[in-house]
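Student: As a plain string of letters, each chain reads:
Number of protein chains: 2
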Amino acid sequence: MKTKRLDEVPRETVQMAGARGAVKQLVLGQVDGVPNFSMRVFTLEPGGFTPCHSHASEHLNYVISGQGELRDDDGKVHRLSSGDFAFVAPHETHQFCNAGDDAFVFICVVPKQYE
Amino acid sequence: MKTKRLDEVPRETVQMAGARGAVKQLVLGQVDGVPNFSMRVFTLEPGGFTPCHSHASEHLNYVISGQGELRDDDGKVHRLSSGDFAFVAPHETHQFCNAGDDAFVFICVVPKQYE
Chain C
48 MKTKRLDEVP
58 RETVQMAGAR
68 GAVKQLVLGQ
78 VDGVPNFSMR
88 VFTLEPGGFT
98 PCHSHASEHL
108 NYVISGQGEL
118 RDDDGKVHRL
128 SSGDFAFVAP
138 HETHQFCNAG
148 DDAFVFICVV
158 PKQYE
Chain L
48 MKTKRLDEVP
58 RETVQMAGAR
68 GAVKQLVLGQ
78 VDGVPNFSMR
88 VFTLEPGGFT
98 PCHSHASEHL
108 NYVISGQGEL
118 RDDDGKVHRL
128 SSGDFAFVAP
138 HETHQFCNAG
148 DDAFVFICVV
158 PKQYE
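Top line first, the protein sequences correspond to chains C and L. Just so we're on the same page, my numbering is the position in the first sequence counted from 1, plus 47. Just so we're on the same page, my numbering is the position in the second sequence counted from 1, plus 47.
Please keep in mind that the hints were generated in silico from the structure rather than gathered at the bench. Computed from a prediction, not measured in an experiment: that's the story for all the values here. Be careful, since some hints might not be right.
Any copy will do: because identical chains look the same in the list, a pair fits if it lies in one copy or spans two.
To be verified - In silico DSSO-like cross-links for lysine-lysine, where the CA-CA straight-line distance does not exceed 30 Å: (1) Lys159 / Lys51; (2) Lys49 / Lys71; (3) Lys123 / Lys51; (4) Lys159 / Lys123; (5) Lys123 / Lys49.
Assemble the whole structure, with the sequences as input and the hints as a guide.
Tutor: This is how it looks when you write it as structure tokens:
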């Protein structure tokens, strides 16, 4: 059993091609002994985004704060704000973008293989 | 790809023995096509608690609002408040309790077998 606050977790700039102004924090994962999945938090600065990509792992998301968009490859835009949940299925193309003037902060849970 | 707000999700009173004043909402799970795990939200009214129990499935938690406690079977109490994360390992005895005057609301992610 373990508890953490976000400000205790190291911040890592997302270096993946196609990302801008994105920071990742691995809050709970394999190093904590979590056997099946990992809970990460992404912070996108205003104008920031994650890569537009797809992969075999699903995402379960919760928006902690800010205003954002989740875009699919059909051009559909899902607006997200504090308190919203999202699900990205395996192999769905997706991109998270900050659509506001403050940081857009969201939880992203994935299977441990995609930690 | 799917988004939801909490107020769109049906509320179910937790009937499990040892629970009091606890409501569960299955926000994202098998019915949504999530292949590996499920994201639920529990709301404990003031004085409310979940059962003191253990099981093979781990919990990953995020506190949305309120003040609470996560108790283990060694008598240790972990204080939790908005913005905190928690991990309960498989087979760890645990209980969530509201320790404040407002609702204690938290996310609980589990493997789909424990949905």
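Student: Within a copy, between copies, both or neither: which one fits Lys159 and Lys51 at a CA-CA cutoff of 30 Å?
Tutor: For Lys159 and Lys51, the Cα distance is within 30 Å both inside one copy (19 Å) and across copies (24 Å).
Student: Tell me, please, which holds for Lys159 and Lys123 at an alpha-carbon limit of 30 Å: within, between, both or neither?
Tutor: both (28 Å within a copy, 28 Å between copies)
Student: How would you label the pair Lys49, Lys71 (within, between, both, or neither) given a Cα cut-off of 30 Å?
Tutor: both (20 Å within a copy, 22 Å between copies)
Student: With identical chains, the pair Lys123 and Lys49 could be close in the same copy or across copies; at 30 Å between alpha carbons, which is it: within, between, both, or neither?
Tutor: between (39 Å within a copy, 11 Å between copies)
Student: Quick one: Lys123 to Lys51, C-alpha cut-off 30 Å, is that within a copy, between copies, both, or neither?
Tutor: between (35 Å within a copy, 16 Å between copies)
Hint violations for this structure: none, all hints satisfied.
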